[in-house]
Amino acid sequence: MVTCLPEKQAGKGKGNKCLANLKNKIIIMKTSNQKSQALLTKRDIGFLKFLDQGTYTSASTLQLPQREKLRKIIDFFDILFYLIDTVYRLLKKRRANAGRAAIENLANALTGKFPDVSIDFSKVNILAGNLAAPCGAMYQNYGSSKLSFSWSACTQRNSNQSDELMAMIYCPDRHEFWSEQNLGITRADGFCTVDAPQEFEGHEVHVWLAYRSADLRSNSNSSYMGNVLVPKIDDYERE
Numbered sequence: 000m001v002t003c004l005p006e007k008q009a010g011k012g013k014g015n016k017c018l019a020n021l022k023n024k025i026i027i028m029k030t031s032n033q034k035s036q037a038l039l040t041k042r043d044i045g046f047l048k049f050l051d052q053g054t055y056t057s058a059s060t061l062q063l064p065q066r067e068k069l070r071k072i073i074d075f076f077d078i079l080f081y082l083i084d085t086v087y088r089l090l091k092k093r094r095a096n097a098g099r100a101a102i103e104n105l106a107n108a109l110t111g112k113f114p115d116v117s118i119d120f121s122k123v124n125i126l127a128g129n130l131a132a133p134c135g136a137m138y139q140n141y142g143s144s145k146l147s148f149s150w151s152a153c154t155q156r157n158s159n160q161s162d163e164l165m166a167m168i169y170c171p172d173r174h175e176f177w178s179e180q181n182l183g184i185t186r187a188d189g190f191c192t193v194d195a196p197q198e199f200e201g202h203e204v205h206v207w208l209a210y211r212s213a214d215l216r217s218n219s220n221s222s223y224m225g226n227v228l229v230p231k232i233d234d235y236e237r238e
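Quick note on numbering: the sequence shown equals residues 0 to 238 in numbering that gives the first Met the number 0.
Since the hints were derived computationally from the structure, they do not count as laboratory data.
What you are looking at is a predicted structure, and each value in this text was computed from that prediction instead of being measured.
A few of these clues could be false.
[Stated by the list, open to error] Each computed DSSO-like pair below joins lysine-lysine, with the alpha-carbon atoms no more than 30 angstroms apart:
(1) Lys-68 - Lys-112
(2) Lys-122 - Lys-92
(3) Lys-122 - Lys-145
(4) Lys-112 - Lys-71
(5) Lys-145 - Lys-231
Build the full structure now, drawing on both the sequences and the hints.
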């Protein structure tokens, strides 16, 4: 299933005071080991949702550098929330927790200094759970859109041979996300091959794996497997 990042909703700014509180919390989350002290409130999340592409009321006009910083933070939050919320929805998890998970990921994955900031996708945890996470390697055959994964027999706690593998792929260029929860592969299989969506051909993608239990009641943390360039495949080669 391929889903697309929704377009931003236009809104009005809430003022410099709210911006300052938001920026301080982002900085604390970025530098503090006690992240629980820096979690944003529902009001902060509402502020993020209402902000648009730098359009503010005359009473709360922000300086250009502040607008640029805030816009980037909002854009990154949107991406992370979209990835996490999509998986929560597909797995029928409590979506009210998606906002907090996105904020925590933003604090962990935001890298660089303004204006050269970006998301380190290797630090993004799309899914959190108590099962043992996948531990293996990803391979790509030259000129192929097939991604192969292999892993050793797992002796970790909270792992069952019947745990089912799920794959997640995000394409930043297209702002699209693909997730498959029914690969028909278990932890005991040790190997699988996944076809990257045709829509992602010619673009770089980021890949995660995770497990969920056979009874669908629990899942693991996601494991970042790496990023690859999906080559364009001619129709005759595809056949």
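Outcome of the hint check:
Only pairs whose Cα atoms come within 30 angstroms are accepted, and Lys-68 paired with Lys-112 is accepted, the gap being roughly 10 angstroms. For a cut-off of 30 angstroms, the pair hint linking Lys-122 to Lys-92 stands: about 22 angstroms separates their Cα positions. For the hint linking Lys-122 to Lys-145, the alpha-carbon distance of about 24 angstroms falls within 30 angstroms, and the restraint holds. For the hint pairing Lys-112 with Lys-71, the CA-to-CA distance comes to about 12 angstroms; that is within 30 angstroms, so the pair holds.
Among the hinted pairs, Lys-145 with Lys-231 is consistent with the structure: their alpha-carbon atoms are about 12 angstroms apart, no more than 30 angstroms.
Figure legend: structure checked against the earlier numbered hints; every hint is met.
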